[in-house]
Structure formats: structure tokens, C-alpha cells
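J.: These are the residues of each chain, in order.
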Amino acid sequence: MEVSVKTVRSPFVKKVAEISGQNLGACYQCGKCSAGCPSADRMDNVPSQFIKLIQLGMEDEVRKSNTPWVCLTCFVCTVRCPKGIDIASIMEAARLVQSRDRDNVDHFEVRSLGATLDEKLPPIAVVSCFRKHTAG
Amino acid sequence: MKISYYPGCTLKSHAKNFEDSAIASMAELGIELEELPRWNCCGTVFSLASDDLMRHLAPIRILLRTREQGSDSLVTLCAMCYHTLKLSNLRVKENPDELEKLNNMMYKEEITYDGKASVYHLLTLLKEEVGFQTVRERITVDLGDLKVAPYYGCLLLRPQEVSIDPNMESPTIMSEFIEALGAVPVEFPHQTECCGAYLTVCERDLVAERSHEILESARRAGADIILTSCPLCQFNLDDRQKEIKKKYPEFEEIPVLYFTQLLALAMGLDEAALRFDLNWVDPLTILENKHVSAAKEAGSK
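These protein sequences, in sequence, are chains A and B.
Everything in the first sequence is counted per numbering that gives the first Met the number 0, starting at 0 for the first residue and increasing by one.
Everything in the second sequence is counted per numbering that gives the first Met the number 0, starting at 0 for the first residue and increasing by one.
What the hints contain is simulated information worked out from the structure, not anything from laboratory work.
It is possible that part of the hints are untrue.
[Unchecked claim] Below, in silico cross-link-like pairs of lysine-lysine (DSBU-like), each with a Cα-Cα straight-line distance of 35 Å or less:
no., chain 1, residue 1, chain 2, residue 2
1, B, Lys92, A, Lys51
2, B, Lys126, A, Lys31
3, B, Lys244, A, Lys119
4, B, Lys1, B, Lys244
5, B, Lys15, A, Lys63
Isolated chain A, as found in the complex (with noise of 0.2 Å):
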């Protein structure tokens, strides 16, 4: 995907920015979330890589990326950013940027819960992987 000022100063770019209320340009890649994430190894892009898509506004890629769905909110990135860059809500942003599509396809299927639910899940997991995987 090409980059140019135009996706530089996209309207996802800035949807991303204002979801999160993040300075997304303050990132100066010095990998501490990354190196603190502990899904970092099943991510496509690590938390830095994926925060230097969004600066740049590769869409494409974003939306294509596993990073934000393998995030487990679990704020380690957020408070060793040693630029003060809440990286959890970038995550969020990221997720819901994509949740609000006019043709969202809910990332987490909720009919194919199924035969897991037969296991009693705490109600907690329930409701919050909905919460964080699906438009509702």
C-alpha cells in the first residue's frame, strides 16, 4: 500500500486518534510494549508495529491485522510506554473503528459459542468477550 500524506492524515488516522484520545505521532518506537505483551507472540504485528501502520495510515493493514484482536486489555504496554501513550485504548480504538463499520462483521461469531457455553463459562468472560469482540 502506498503512503502519502493523504493516508498519513487519513480520516481513519484520525478516527483512530480521536477514539483512543491518543497523541498516535508521540510513539517513537521503542518496542517496551512490545517487548512487555504477553500475546505479543501470536500477533502479526506486535503492539509497536501496529501502532506505526495506524501513524502512517495503512488501513488495509490494520484491518487485516490480528494485533488487536489477540490484545488481552491487559494495560502492561499502557503503563510502561515511557511516552505517557495509553497503548490499551489504541487497541480499543482499533477494534471499534472496525466494530462501527456500516457492514461490521462482528469479529467473534456469538452463535458459535454453542456447545462451549455448555461448559459454564463465568458469566465475567462471557460478557466482557463480547464486549470487546462484537458491535453489541
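Start from chain A and add chain B according to the hints.
T.: Leaving out everything else, chain B in the frame of chain A:
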């Protein structure tokens, strides 16, 4: 002393062992956890979106109920409820315009929320109001050399504003608690690492891997049992041992208790308070091996 208590949904179902052990042991310590007469789910996760005020309605309504009960302090046991209530409360305290909007949404309520409730976790209450020294004086069962690993997880510590310990990277409050009970705390490198949280619903393998790493880390540190304060951590570390065993047949089970269960055990309370029947890995064998005398009695009741 009475304090308003918000249980949350999971304490009434999956984590009844957490609630029963907490209410019984706090009563022994002279503290009545007075459940809010009416309450709703807190939403379980604090919304991180700047523009999504609706998500804060549920936790703020619970704080309104606290004030309605005539109280200015609310205690929770579940780490997720604690985190959500604490952060939503801070957000509306810092943003009076948002509080006004939320109060407008709750126009059918008899009072408005004035932002004057404080949210506490039970461990903080034990340390600051009861005092670990007082807890120590009430211990009747010798836990001997039982080695207990404190597991904090994420939501009691991060971000800094919610942390129940001044040092969120290297907390000691649970170790102090374990020491007060007369057991041996064994700190371990993974005590503040995430267990995989809600991905237990849709990424079970990820959670089994996370839990396996945490449990083995605690075992390497010499732990006999692990203590937790979050029903989701407890589920992931305890029930998910089934998944771990499938993946790693040589894995040996390790009991994961709520901190209040160990408190109840140390104070000599019976099975009605301990509720070990709801823990997937039965702790009685290890407790008997460690000659924790009350365990046998409670188990046989």
C-alpha cells in the same frame, strides 16, 4: 463495622466459593459486608473509548446505589468489577459534564450520583481498615510450611490509578497477607502477567498456553498452591488445567484458591465457608500432605 458490598454477577454463580469464604471470614473479623439491596452488572470491562459514555452508565448506577444505601464506601471482591467501578468513578469525578449527562440518563432514579463514593478492593480493606496484624491474631490453624504463590493478574494493579499496591510492577500486598496467615509466600516472575482473560471464550488454546506458563512458573518457585482475587483468573488458572493436561500430559495439577478461602481456612472456618467443592483442583490432598490440620476436619464434614 458495616460496609456496602457489590458482589457482581460471577460471585453469585461461578465464584460462590469466593463470596461465601469472604462473607464468613469478614464476619469473623467483625466486618459486615452489606450487599447493595439492588444492583446490576458493571459491564465487566472499563470502556477505553473517549466517545462512548453509555458504557459507563452501568458502573455509575452501582455507585448511585451505594449513595442510596447511605454509604460513601463500596467494597468489591472481583478484580474486574473493582477495576471497572474504580475507573468509571475516576472518569466522572474528573469530568463533571459527563457525570451530568449520565445523571440525566438516570432521570427515573430517586437521587443523582454526586461522585462521592469510594471504591475499595477487599485486600485494601483488610490491610488498611482491619490491619494484617489483627488478621494474624485471629489465626487458629497452623498452615505450617505451606508455600503460597500470590497471583495478582492485571486488573488489581494496572493502570496505576487502580493499583492496590504502591508498586504495581513488584507488588507485595498479597505476600504480606499470606505471611499474616502464617503461610510462606513465594513470589514468582509471572505473578502480574495476564492469564489470557476473556479470550478464554474464543481463543482457548491461547489461554491454556498462558495459564500453563504461569502455573509452571509458580511451581518452579516452589509453590504448593496459588492465590488469586479474580474469578476470571481463577477460571483460567484452575478449570483450564483440563485443557493444559490434554496438551501437556505430564503436567501436574496445582490448586488455585481465592485469597479469602485461605483466610477462612486459617481462621478455622468450616466447609460452608471454604467451599472447596467449587474449585476444580481439589486442594485437600496438598493441604493434608502439608499437615494443615483443619483441612481434614473441614473435608470430612
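J.: Give a verdict on every hint.
T.: Right, here's what the structure says about each hint:
1. B:Lys92 with A:Lys51: Judged against 35 Å, a Cα distance of about 33 Å means the pair holds.
2. B:Lys126 with A:Lys31: 33 Å, holds
3. B:Lys244 with A:Lys119: Holds, at roughly 19 Å.
4. B:Lys1 with B:Lys244: Status violated; Cα separation ~44 Å.
5. B:Lys15 with A:Lys63: 41 Å, violated
In the structure shown, a violation is registered for the earlier hints numbered 4, 5, in ascending order.
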